[in-house]
Amino acid sequence: MVSSVTEQVGFAIDQNRCMGCKACQTACKDKNELDVGQLWRRVTEATGGGYYEQGRALHNSVYAFWTTMACNHCEHPKCVEGCPTEAMRKRSEDGIVFVDKTQCIGCQLCIRSCPYGAPQYNPKEGKVGKCNYCIDEVGKDPVCVAACPVRAIHSGKLEDLKKKYGVINQTMGIPDPSITSPSLVITPHKDAIEGFC
Amino acid sequence: MGAKDGVKGVDKLPSNIKMIFNLAGNALVNQHSDINKTVELLKDESNVQFIVTSELFMTPSALYSDLVLPGTSSFERNNISTPWGQGDYVVYANKLVEPLFESRNEYDWLVEVADKLGLKDKFTEGNNTMEDWCRWIVQGIQKTHPGFPSYEEFKARGIYKWTYDKPSIAFEKQIQDPANNPFPTPSGKIEIFSKALYDMNNPKEIPAVPKYIEAWEGPADPLRKKYPLQCIGWHYKRRCHSIHDNNPWAEEVARQEMWMNPMDASQRGINDGEKVKVMNDRGTMMVPVKVTPRMMPGVVAIPQGARYTPDELGVDQRGSLNVLTSQRPTPLAKGNPQHTNLVEVSKA
Chain A
215 MVSSVTEQVG FAIDQNRCMG CKACQTACKD KNELDVGQLW RRVTEATGGG
265 YYEQGRALHN SVYAFWTTMA CNHCEHPKCV EGCPTEAMRK RSEDGIVFVD
315 KTQCIGCQLC IRSCPYGAPQ YNPKEGKVGK CNYCIDEVGK DPVCVAACPV
365 RAIHSGKLED LKKKYGVINQ TMGIPDPSIT SPSLVITPHK DAIEGFC
Chain F
578 MGAKDGVKGV DKLPSNIKMI FNLAGNALVN QHSDINKTVE LLKDESNVQF
628 IVTSELFMTP SALYSDLVLP GTSSFERNNI STPWGQGDYV VYANKLVEPL
678 FESRNEYDWL VEVADKLGLK DKFTEGNNTM EDWCRWIVQG IQKTHPGFPS
728 YEEFKARGIY KWTYDKPSIA FEKQIQDPAN NPFPTPSGKI EIFSKALYDM
778 NNPKEIPAVP KYIEAWEGPA DPLRKKYPLQ CIGWHYKRRC HSIHDNNPWA
828 EEVARQEMWM NPMDASQRGI NDGEKVKVMN DRGTMMVPVK VTPRMMPGVV
878 AIPQGARYTP DELGVDQRGS LNVLTSQRPT PLAKGNPQHT NLVEVSKA
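Protein chains in written order, with the working numbering: chain A, 215 to 411; chain F, 578 to 925.
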């Protein structure tokens, strides 16, 4: 089982700032040399509302917003629990969840157990890869955070992020946070709020 | 071409354009209106006889060139750049690597061509390299901005920012002292009725007073019976114009696709994600459709910049907007008509 974490790190995202440019997604692919199809961070669009006629006028209630999502380095990571070789581990000092590729056998049980779709199979390697919070550059912002032109993603100690950005870790279209306790703080888009309240 | 096309100084151009240097540009074929018409013009070698392109990629424009030279990217040369239009900074873009393989800066070989023509000094004005021109620019800025750093300092720092000491007010001089600061109009005033426009004697297209004019291929055009959907283009967030259209990561960010309202899609039996045929009298394309309420009913939109990829029948397979656009410019400013298109969309 997972040992207790000294100082959990996490991400904070602001959906009111995100414009869906996907610079975060592309910076991650660039750093990790990911082929098309593998997205350790990905940005998804949520759209709703529509056009309706009122008298002779055409009105609309259309909205759209984006959710950027990588690995949430969860308090209860299902991927770690599901891994038969202990290749998927959670570090005790900062709670980063990462794959030890020397031990990964490519069985993909982690992929099936993660509600966020964070672990992804690399067919060239026959192994799983995922966001490791840019573990090799500790002390710097992960590249997705550094690349965001509107500063919609923040990184740091989860407790600090909660103090700064609040305690919400849910928005329209993502899984129930009670499954894994993600290390994530979300400022939901104004149009996302009705969707999950 | 003559005065009615906006040519100034002569009644008529004395000859056709015989040669084109197309440097770092995909506007020759891809990024201007009515690709199919342009291609017909370029195929006739009695018109333009020789086209030289310098490029990083084999673009549609490069494909219609007689000579294609390998150009350099901004990482392979020193240059100075400013933000578009407004802004409060100027950047020095430092060369990161020497030009790769056989690629060359366009300026370097243009100087050699000018030399062979005996025009080197006239062409270079004494600035033999791009870096000489960068120094020339900095010297020019220093004359009007005494606080501007030395060339070496600017190059090392990479950016220079300035501040304005007061807000900018449009037409400030004309407001404060209209008598001594006339506008460049016959009356020297802002003209609500323009005698110059009146004298053009084309009141339907160039009225002498500000007035709404029906757009060609707009909502009131009878052509809507045949082509009922208004088609616009827009700058896609994955690319600026056509550069990076061939980048697979960019395609993963945002697929080349046409956006269409669910009401228009259901009338035509079209489902989200399928490939559709978009056409008018100028051209036809096949493109995947995104059915979304983010597009207004009656309007479809295709992000501009996709690279023209015709099949053997001339049907574009990539969704290059300019197979649908017209070469008819606006009557006075000769503006591009890229958003003024009627089309019909059908299941493939």
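Don't read these hints as lab results, they were simulated from the structure. We put the beta carbon where it would ideally sit given N, CA and C, even for glycine. Treat the hints with care, since some could be wrong.
As the list claims (entries may be wrong) - So, partial list: chain A residues that the calculated Cβ filter (under 7 Å) puts toward chain F:
1. Cys235
2. Lys243
3. Gly264
4. Gln268
5. Gly269
6. Ala271
7. His273
8. Cys348
9. Ile349
Said to hold, decoys possible - No farther apart than 16 Å at their CA atoms in a straight line, the calculated lysine to aspartate or glutamate pairs in the EDC-like style are these:
10. Lys781/F to Asp798/F
11. Lys814/F to Glu259/A
12. Lys867/F to Asp405/A
**OP:** Just pull the numbers of the violated hints for me, sorted ascending.
**Re:** 4, 5, 6, 7, 8, 9 and 12
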